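Asks: Next come the chains, spelled out residue by residue.
There are 4 protein chains.
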Amino acid sequence: MKPPTVTHDLYELDQDWNDEQRAVMLQIRKFVDQEILPTINEEHNNEVLRKDLIPKIGQLGILEMLAEGSLDPVTYGIVCRELERGSSALRSIVSVQGSLVIGCIRDFASAEQKATWLTKLGTMEAIGCFGLTEPDFGSNPAGMITRAEKTSSGFVLNGSKCWITNGTQAHVAIVWAKLDGVVKGFLVPTNTPGFTAQSIKGKWSFRTSDTGMLFLSNVEVPESALMPGAKSLGAAIKTLNNARYGICWGVAGAARGCFEEARQYVIDRVQFDGKPLASHQLIQNKLAWMAAEITNMELMSKRLGELKAAGRVKPYQVSLAKMNNCRKAIEVARVCRELMGANGIHSEYHIGRRMVDLETVLTYEGTEHIHSLIVGENLTGIPAYS
Amino acid sequence: MKPPTVTHDLYELDQDWNDEQRAVMLQIRKFVDQEILPTINEEHNNEVLRKDLIPKIGQLGILEMLAEGSLDPVTYGIVCRELERGSSALRSIVSVQGSLVIGCIRDFASAEQKATWLTKLGTMEAIGCFGLTEPDFGSNPAGMITRAEKTSSGFVLNGSKCWITNGTQAHVAIVWAKLDGVVKGFLVPTNTPGFTAQSIKGKWSFRTSDTGMLFLSNVEVPESALMPGAKSLGAAIKTLNNARYGICWGVAGAARGCFEEARQYVIDRVQFDGKPLASHQLIQNKLAWMAAEITNMELMSKRLGELKAAGRVKPYQVSLAKMNNCRKAIEVARVCRELMGANGIHSEYHIGRRMVDLETVLTYEGTEHIHSLIVGENLTGIPAYS
Amino acid sequence: MKPPTVTHDLYELDQDWNDEQRAVMLQIRKFVDQEILPTINEEHNNEVLRKDLIPKIGQLGILEMLAEGSLDPVTYGIVCRELERGSSALRSIVSVQGSLVIGCIRDFASAEQKATWLTKLGTMEAIGCFGLTEPDFGSNPAGMITRAEKTSSGFVLNGSKCWITNGTQAHVAIVWAKLDGVVKGFLVPTNTPGFTAQSIKGKWSFRTSDTGMLFLSNVEVPESALMPGAKSLGAAIKTLNNARYGICWGVAGAARGCFEEARQYVIDRVQFDGKPLASHQLIQNKLAWMAAEITNMELMSKRLGELKAAGRVKPYQVSLAKMNNCRKAIEVARVCRELMGANGIHSEYHIGRRMVDLETVLTYEGTEHIHSLIVGENLTGIPAYS
Amino acid sequence: MKPPTVTHDLYELDQDWNDEQRAVMLQIRKFVDQEILPTINEEHNNEVLRKDLIPKIGQLGILEMLAEGSLDPVTYGIVCRELERGSSALRSIVSVQGSLVIGCIRDFASAEQKATWLTKLGTMEAIGCFGLTEPDFGSNPAGMITRAEKTSSGFVLNGSKCWITNGTQAHVAIVWAKLDGVVKGFLVPTNTPGFTAQSIKGKWSFRTSDTGMLFLSNVEVPESALMPGAKSLGAAIKTLNNARYGICWGVAGAARGCFEEARQYVIDRVQFDGKPLASHQLIQNKLAWMAAEITNMELMSKRLGELKAAGRVKPYQVSLAKMNNCRKAIEVARVCRELMGANGIHSEYHIGRRMVDLETVLTYEGTEHIHSLIVGENLTGIPAYS
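Residue numbers (our numbering), protein chains in the order written: chain A, 8 to 393; chain B, 8 to 393; chain C, 8 to 393; chain D, 8 to 393.
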């Protein structure tokens, strides 16, 4: 009954990474083991946001590489996977800073804007947030109410944004607002008069992450605040798709984390008859099913990364993986939780927290319904959103 | 688009209750609406146990009827359903007091023991707990380590118990211990020297309920502490089966609560195109599926109640419903959570708390695996527990 | 390892039937065992319709009771369940004759029409069919193309009907056609000039049942052919709802039949290590799940029968059970098939045939999608059919 | 509403095949379209085996490449996928000939045996079969009863084999038998005295494939009939694993075939309101789910092929994919069947036949239970087979 030699990497994907990818994987894994896992369950129970993490995330160097454009998609995916093995909320902080803010600035900002922000964002000296979602329209950015109006010297912004990760921590917000009926993107320092943010308390998921509301009341910005490339909702959506790519990898990491913890638990937990839980067919069957789904999640993420690296990735391909991987990750987490029995509801173990955090990930950045209809439109040629 | 006239009671079971059943249903429903729902989410977030609830539960009169033996099984089931619409943790407090403690005393205690405890337990002047589970053996009471030894004047008890609802609040504990290798039941006042209890903190489920560990270190009790009818593990198991019956009804209530909240949400939530979420096929399909499963849970519970009233109920019938109803209740809660999108992770709504509380109910009092094997043994004649 | 004493009737519903119900149950069970099961798999393989069954079904007396209106809904449900334990195709023959034809005539026909047909239909001296569905519109009778035009002496009918059980065998067809844009029901003897029927060959499901197409080419019928009560599509839909009620019971019988066969198989099938398949946890778990779902199906059907007997049943309640029971029946059949391994694909056993026949039942008389939207409309007040 | 540009190959795997792979893919696709699909449903309905296919399969050249060892694993996988888009039974004929017979001979036969058989098997001038499974022990070859006894001139074989694809058509059978308690492999010409084969009739799945029983009654073979490398059950199991690899690809093809047919059907099928079925959310959601699972199946198969090409593939990796892909393929087929409504039960369409054929594939070469326990043993270090 020796310990198994191959565990979570059943299809040996990790064995085939290149040197840089392997190094980054091990670096983030160590960071999670040392900095995140020892205290996060208590933070979660007490709804505590750890501010000392911000510079430490900066020191990882990943965001700098993103800011420089020197991180290939698969390596970035591995980063997301390893971070989310620790915490979905943690990975989301990085996704927002990296994919939504740095990525958006790289794609759509002016040279001056890039010079001002990219370096600071890469080190996390500056924190950014992405203000797209509004209180009343979750998955439908087209319903946007926030408005920009042209003034003599620039623009004045009015409106509110909801469910904004890093919202109260940010130094700069990307604010999407309608100018003459067309959605545009603005870079707004959060100390601009009229800009306020408020933390959403009372969440039972993502309790270790800052989720805020942004209020813009006659916020005046200069003309240079407008991102020249962000000329329509399409720019926001392209940015979201980049973030979703990271989610696809991330949730595979959350599932891996749950799986490894549950697998070890059922091996270690000896019952009164001297047999471990793992000796039961019903338990092995569930482990096997989970191993298959985790393998699926990783293969799908990796293929998406290859398509992205080749410049071939399409939005519906990302939707497919967002839909598929989030669903399977949460199912894996739920099965793991159940395998732990009563111990599964205690924060001595990480599975419960991972599971409730995945609830957020399941529905943010587009619910399963929405993504299935995006894929469905591709498959049938017919939009069926309403 | 007028509001639907029939909602959660699609098969009109509530319409057919007798007068007493209807009165009790409405009484508990009102209690939940007034005393539980307004504050419980905040208590849950802050891991707060509301001690003022205890006398209020007593004043409902339900436990007194149980103590007197004047509550028919279906009416008791309705009580459990309505309580758990409010909170699984709340229903569990009543299940422990009613089914596990009062029920066990009624079935197995001496006349003197009954005289001492039943009235007080019925009013909740005294709180009881049920000490069966031990740290290492969740679903397998046969592995019990706690020992009783005969002394000249009675017994001395040593051991520990885990996951004991009401454990630190109880005035009296039913302690199961092996005497000469045979499991016996003892009534132990919790102020007996050597008896200590400790609360399990850090749960992310059942945060509004007291879950304790009991430690018995040379606890000396008189001969009269032994419950004369509790001569073997069978007595404990019979008692558990009574409690499981209440769980079957209870989880239907939790599912109903989630369903009603989500149904109303999708009707009220209008999107930017002016159409409510409820107008989407994907959402209606999920509502219909949930309505079917809730109907199933209730029909199964009701039939079990009829069999119980007729003295015909068998343990494997209870196992079937425990297994079926807990699984479906948590699935209903999860779907409801998802229908709420981002709002579903906020404690402005009750669904999230209900869902995480159902995680406890899913695995306590026997996991799905165990109950499926109990049913399986009945169906095949072959035990397959290990 | 003695044989189990309680098998498919885990919640003891059969024990509580009244004397008439029990007698009918045993009568049909015997009929199925003696007349159906010995040869039906061969007939299925060879796509053979057994015409000698028709008078034998008549001799059961059930249809006469339906024609007289002396069969209570629960008893009729038990009949459907027992018939479909034998064959879904067989039960469908009875459903068409009983619910769709006799039921429709009783509800909507003139006294003269009743006098002409009911007695003969009750004995199966005359066979009826129900011509509603048309080739292009499966679940949407509103799209009907068949037309009736008033003539001096009556009506002339033109159009075609598809998927008509008993279509080529019938002596009389209930034909639904639009008269001045409104759907009306006509009783048409199938030997009327211009009326032809053709069997649909090449089905892989329902191979033992006659499924036909009806063609009406200038079929002239007298004024008395119009059923006076059948004034709109509502009459057809009410009739369909009665038939669906029988389906709900029927599929529970098909599931029971599969379950019993698989249960016995896994008990009897001893492997090389001397242990029966039934000793495996993975198999017991599936048996337990199936027992739960079959119990659910039967409880739902029985409750529907009670509501029907009390005149309280509503269409969405029937939709709920059609949706729920057909889905679960086919899932039970599929699991049973799988438990049989390679033997499961051979017609030595009945499970395979039952499973493929259930495919027809799953989608006829309204797909799961349609029924979920009917329930959904009740739950939300919003129609979402297109 | 133009036709979608990307359909079944959502993750663009087919775009990345090398030239040989693409050529073979198109060749087999054309063969299936021209030779298989036009008539197979009728053959299936009538339980007809098309013997003219045998030389045509030979002419494809694939088996010759296998015999020569010049077909890389991924290309072989593509062949299996394309063949099974046509028919699982057809793919099985090739799997038996290619993986089980040619593959086994290449791995374990003597130079003389190879010289005698490989060329003929490659052209299908000779047909082979693989005699491992016995009537009583489906998934457990360890329970083998067939015996070989040493004689002066060779061996005498006695026993029987069951569920043998190509059993009555074969010129040569690989017969596994216990010699002094150890399983050995023999090459037995089927015209050897004492060797008889009988077709299993009455299947409702794999009706277009020959499934036979083999009977060996004092079959005398020379010493040279023993395959020198086939020294234990391990040789048989290694051969089976190669065949399972082909199944993993094959079922993805069956699923693709179903998906494409159903997708086109729901696009083409216009309802009375002028809208195609494909415009319904409930249908698009199912299409999206299927697209995800088919993508998963293909990614898993491809990765397995890469591991195989690198000589790194492990049996539990194959088990994972056999388990995962067969389950998902049959679920895809079932959903497609349902999307077709009543038309789905008619052999005008291929989905029904594909679905019932997949029932065979689901449980042959190891059931889901068995494969999950093989994976489970790898994950836990604990065998839990009995």
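Please keep in mind that the hints were generated in silico from the structure rather than gathered at the bench. One thing to keep in mind: the hints can contain errors.
Which copy is meant is left open, so a pair is good if it fits within one copy or across any two.
Stated by the list, open to error - Below, a list of computed lysine to any residue pairs in the SDA-like style, where the Cα atoms sit at most 20 Å apart:
| # | residue 1 | residue 2 |
| --- | --- | --- |
| 1 | 37 | 268 |
| 2 | 157 | 239 |
| 3 | 282 | 390 |
| 4 | 282 | 388 |
| 5 | 238 | 165 |
| 6 | 208 | 49 |
| 7 | 37 | 390 |
| 8 | 315 | 24 |
| 9 | 121 | 229 |
For clarity, every value in this text was computed on a predicted model and none was experimentally measured.
Asks: None of the hints should be skipped; say for each whether it holds.
Replies: Hints versus structure:
In this homomeric assembly, residue 37 and residue 268 come within 20 Å of each other (Cα to Cα) only inside a single copy, at 16 Å, whereas the closest approach across copies is 43 Å. Taking the shortest alpha-carbon separations for residue 157 and residue 239, only the intra-copy value of 16 Å comes in at or below 20 Å, while the best inter-copy value is 61 Å. Taking the closest pair of Cα atoms, residue 282 and residue 390 come within 20 Å of each other only across two copies (12 Å); inside a single copy the shortest separation is 55 Å, beyond that limit. For a Cα distance limit of 20 Å, the shortest separation of residue 282 from residue 388 across copies, 13 Å, qualifies, whereas the shortest one inside one copy, 55 Å, does not.
In this assembly of identical chains, the alpha carbons of residue 238 and residue 165 lie at most 20 Å apart only when taken from the same copy (18 Å versus 59 Å across copies). Proximity of residue 208 to residue 49 under the C-alpha cut-off of 20 Å is found in both arrangements, the shortest distances being 17 Å within a copy and 10 Å between copies. Taking the shortest Cα distances, residue 37 and residue 390 never come within 20 Å of each other, neither inside one copy (45 Å) nor across copies (33 Å). In this homomeric assembly, residue 315 and residue 24 come within 20 Å of each other (Cα to Cα) both inside a single copy, at 17 Å, and across copies, at 18 Å.
In the homo-oligomer, the alpha carbons of residue 121 and residue 229 lie at most 20 Å apart inside one protomer (16 Å), although the nearest pairing across protomers, at 81 Å, exceeds that limit.
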